Amino acid sequence: MIIAERKPMEEIKQLIVPYRKVLVAGCGTCVAVCWAGGEKEVGILASQLRLARSVERNEISILEATVERQCEREMVAEIKDKVAEAEAVISLACGSGVQTMAEMFEDKPVFPGVNTTFIGMPEREGLWVEMCGACGDCFLDRTGGVCPIVRCAKGLLNGPCGGTRKGGKCEIDPEKDCAWVLIYRRLEKQGRLDLMRNYYAPKNYRAVKRPGKVQAAKA
Amino acid sequence: MRIMNGHIVAFCCEHSAYPAADSAGRLGLHYPENVRVIRVPCAGRVDLIHILKAFENGAAAVLVMGCEDGACHHITGNTRAKERVKYSEILLKEVNIDGGRVRMFNLSPNAPHKFVRAVNEMTRITKESGR
Amino acid sequence: MAKPFRDILKTKDFVVTAEVGPVKGSNVSKAIEHIELLRDKVDGLNVTDNQSSVMRYPSLGICLLIKEHGGEPVFQVTCRDRNRLAIQADLLFAYSRGVNNILCLTGDSIDVGDHKEAKQVFDLDSVQLIHLVHTLNSGKDMAGNELDGGIDFCIGTTGTPSADPLEPQLIKVEKKLKAGVNFIQTQAVYELDELKRFVEFVRNMDEEVKILGGIVPVVGAKMAAYMNENVPGVFIPQRIIDELAQAPKGTGVAKGIEIAARMIKQIKEEKICDGVHIMFIGREEKVPEILGAAGLL
Amino acid sequence: METKIGVFLCNCGEAIKNIDFDAAVKEIAKFPGVTCVNLSSDLCLEEGKKKMISCIREENLERVVVAACSPEFHEHAFGEVLEKAGLNGRLLSMANIREQCSWAHDGDVTGKAVELVKMAVNRVRLLQPMEMKELPVNNEVLVVGGGFSAINTALQLSRVGLRTTLLEKEAALGTGTEELESLCGFDTSSMVSAVEADKNIKVLTSARVMEVDGKIGDFSVRIRQEGGEILRKYGAIVLATGHQTELALDCELKLGLSIVSQEEFCRMLGNPSLETEPKTIGFIFDFCDENSRFPTLATLNNALAAKRRWGSEVYVFYKSVKVDSEGAEILYQEARDCGVVFLKSEVPPRIDVDNGQVKIKAKDVFLGEDIILVCDVLVAEELHLPTEETANLSSLLNIRRDSRGFCQEENVHLYPVASEKKGIFFVGGCRGDLDLGRVLTDISSVVMNVYELLSSGKILVEAEKVEADPQKCVACLTCIRVCPHGAIQLVRINGGKEVAGISDLACYACGICAAICPAKAINFQSYRDEEILAQIEAI
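Residue numbers (this note's numbering), protein chains in the order written: chain L, 1 to 219; chain X, 1001 to 1131; chain S, 2001 to 2297; chain D, 3001 to 3539.
Hints in this document: simulated from the structure, not taken from any laboratory. Predicted model only: the values in this text are computed from it and were never measured. Treat the hints with care, since some could be wrong.
[What the hints assert, rightly or not] Subject to a maximum C-alpha distance of 27 angstroms in a straight line, what follows is the list of computed DSS-like cross-link-like pairs (lysine-lysine):
1) L:K203 <-> S:K2116
2) S:K2222 <-> L:K176
3) S:K2012 <-> L:K169
4) S:K2140 <-> L:K203
5) X:K1114 <-> L:K21
6) S:K2116 <-> L:K166
7) D:K3004 <-> D:K3465
8) L:K7 <-> X:K1086
9) D:K3363 <-> D:K3307
10) L:K82 <-> D:K3472
11) X:K1093 <-> L:K7
12) S:K2222 <-> L:K166
13) L:K209 <-> S:K2067
14) S:K2012 <-> S:K2067
15) L:K218 <-> D:K3497
16) S:K2178 <-> L:K203
[What the hints assert, rightly or not] Among the chain L residues that face chain S by a calculated CB cut under 8 angstroms, a handful are:
17) V55
18) L156
19) N158
20) Y205
21) A207
[As the list claims (entries may be wrong)] Now the stretches of chain D that chain L is said to cover, found in silico as 3 or more residues with beta-carbon under 8 angstroms:
22) 3478-3487
23) 3515-3523
A virtual CB, placed ideally from N, CA and C, is assigned to each residue, including glycine.
Chain L with its partners taken away, still in its complex shape:
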């Protein structure tokens, strides 16, 4: 799932300074699940913006809408009337949702209200961690299902760096586990440490040519 995080309020306020009627558009898929851009967050941001402007004595009218997936043109089309009514849009969807919206309503400024951060999963209620870097060349078969590309701070392919902290924690964050220690433990448990002893040649970092494109072979 795509994880995002709301932009700082100050930044959002600056984005809409010239406007008096703004639509806050949420997305009901990934960003809803990670508490960044679902209907609840739309309501909170809308309320905050109204409050901010009323404190500044510069009233603003905020419209609210949430579509199921903002990265689908057909679904975004459902709120076109509200978009038409607004002078600008703050999208709380991930980057692709923002762009879908921007592309469909070319005459409207569409601003991102969240920072899209990574592909990840919930570790517990309210905490999400990065799991996949969308490198286009999955390596997980060799690492006991732990991705060294994003879960190792340096994306190393041949084992831990020398910076590993006591107890197998990461050089950059004593709270985080060293991915290679996790890989070691997983493979050891499975009796497959040979996989870790293999040499892995430099990765093909161009497996996905940017901008990426996937064409389904089957109809």
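Following the hints, put chains X, S and D in place on chain L, whose structure we already have.
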């Protein structure tokens, strides 16, 4: 512009703060008239949007009142409410509203004095920082 | 002229190298002083590569200065700041200018440095880097293209004898050895038993490779605690922190030097490994004192 | 068509004096949808209710607001009035103009009263009818444990006609009850034979609970016995897994002839052929564990018994004597009268062993002097601790324990015997350090609770009181993670999409899930966002 109507919205848990407020009335413990109690089944029911909307609507302050620590009928309702109130302080500060205008209070149903103290305290705070 | 490091490794019983940290800025006079001071006292001078991810004068630049001043440089190359194109290009350049020794490292994370918002590269890791040097040594680049004019680096790398857990680190060392290295300069060691264990592991894999124990003098208890917390790969035992804490005020540096010299002596006397690598960044001028105290001058 | 709302004001037999009701009626009548406003002085009496019913019928009211006393008093009764008038009882909102308005402020509060009514009117307009529905429940009960509490719970459940399984990890029932027996004078073996004779009770010994699934009315429990595993269904589960004791002793002092536990001391008392009767006995309690109800009783009982049986000199070292248990005060008095010496000390006494004799050294608070007692037997202080079984089961059932590891001892004000999950109860020692009186009260309480829930084989619940809208639910699992009552599970709708399914049976209707749902998919009848926000808008 935001016209503050000077009211204090108090979300009161029906297991604790609500009966405490009743009890204050029965004992004739008077407190400012500007308090508007909204009864909720648990402080954990109070959502951020409820707090924000109360301010949008002109409230001078918002109180969330739940059971004492470790005595929530729903185990975590009061602690969640406390965290939520803390977060709402941040949300309010982000829009230049004094975070001190939202507060969480824990009290038991037999603590009418505590209810009155909380209301008085909040009234004082709002008066000090201007309506 | 200093002897080529490769020959020293083969012939000398106890090899000593020291580290020179490049300056921040273009004024290299201090670096030249250090080179002049150390070039005849040690067998090789390592030059760090934006050490701790702090931007400085380039490693290769100082290596050239060492060369000019008659020393033997060890060019430290990390994978953090350059992709495979840039690394290959730098290696060709280094070799063409007589910088023939390379230490292959992963590199610290950008997060610990002074340009925390920079994009970190890590296109390669240290094992892949060693393979890359061999590829270039064989006269080809990574894409398989022929090179006009080959190279022949003496290759070193590093290892962490005090890592916890140790096993994953040893697997990595094993891979580095399989890739083929001439020498290992270990990360800082404070417990010689750990170094012995490490040497034994390496010896079982490769009898030829030379191992230089990493010596990082610590000059105060607070400094030691700070390093434990903030310097990647450093694990200073409480025993040493206590010893430093007991030293009278103002004698921290002397105490640090004393401890370092004591360790070097022991390594040499007990023939624990083939030499030492002294990292006294910021206090390069004190290295001779350590050497003196360790009886290496 | 606007919803027709009727407002019933009541001055509570003129107990509300500072509201100008006539002016209020005029104002309230202006609110949109309010088609009639009535003033009464006895709404909660039969007469008033009758008038209300006829008004609702005559005016064809669709929603009702009662502005009177606190809803804490008569909300339920007024709901019934609505039902009698043919309206759903949930279409009622109350404005508390008495306790939280008239009685809470000085001077005229008509304005505030009108506003409170407006809040209620705004809310009532949005309320939806709610139906009751019956859900079938399995009425067999699983009682885990084989001690005093477990056996008694099973016997009493059986007496009220509920089939019960008694699951004990040991090979037989009633082990480890000697101390209780000697202190409280009951007979375990007769209890055990009563269980064996009871057709309503099935006993599984050497058995362990491996896994529990489901919820109240429908728990599936995987049980491991010597012969293998069985899967059985129960409507409720009662934990009676007891406690264990540990002596609060310096580790160097070994338990032996001269240092004993309360239980061993009971055994000594019960031994008719004891070689030498102890002449001097010391007791220590209430230093390490201040929650010492049971140890207090045990000490008092045993001290008295020793005095009476052997005429020994008995000294009790304590920090404070807790006599809140039933009968404890009398026991204490008796003990004093019999010549048991009580010595109060602030810090735990020092204990040394010297030539087979125990030396107790303490500073007496009242004398202000050090006292050294050399005694033949020391009954050491005991700590009451939760059993391993309690720990295992509570984690299996995903039930919280308090900081000491007992089942909710620190939360007794709320659910003394009920866990945070409906249908799971605690009784006896697993709940903390209880005296027998409390345990017996617990047992009756559990039996009553279980009887109420399961006896009819069905439970009446408000249908879909809290419900996740499957259209809006994005299956983020947040509600499942936050529900304190374990009432939410992922369910497939029509075998397809997975959404949050809130069990009407297990839900306590707290609304924590509704407040946190990022998709705003959870509807909590009567406390929906709209209904709360409508009240705010009226202010």
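Each hint tested on the structure:
| no. | hint | result |
| --- | --- | --- |
| 1 | L:K203 <-> S:K2116 | 25 angstroms, holds |
| 2 | S:K2222 <-> L:K176 | 25 angstroms, holds |
| 3 | S:K2012 <-> L:K169 | 38 angstroms, violated |
| 4 | S:K2140 <-> L:K203 | 19 angstroms, holds |
| 5 | X:K1114 <-> L:K21 | 44 angstroms, violated |
| 6 | S:K2116 <-> L:K166 | 23 angstroms, holds |
| 7 | D:K3004 <-> D:K3465 | 24 angstroms, holds |
| 8 | L:K7 <-> X:K1086 | 19 angstroms, holds |
| 9 | D:K3363 <-> D:K3307 | 24 angstroms, holds |
| 10 | L:K82 <-> D:K3472 | 20 angstroms, holds |
| 11 | X:K1093 <-> L:K7 | 15 angstroms, holds |
| 12 | S:K2222 <-> L:K166 | 19 angstroms, holds |
| 13 | L:K209 <-> S:K2067 | 43 angstroms, violated |
| 14 | S:K2012 <-> S:K2067 | 21 angstroms, holds |
| 15 | L:K218 <-> D:K3497 | 25 angstroms, holds |
| 16 | S:K2178 <-> L:K203 | 19 angstroms, holds |
| 17 | V55 | 32 angstroms, violated |
| 18 | L156 | 4 angstroms, holds |
| 19 | N158 | 4 angstroms, holds |
| 20 | Y205 | 7 angstroms, holds |
| 21 | A207 | 14 angstroms, violated |
| 22 | 3478-3487 | holds (count 3) |
| 23 | 3515-3523 | holds (count 4) |
Of the numbered hints stated above, those contradicted by the structure are hints 3, 5, 13, 17, 21, listed in ascending order.
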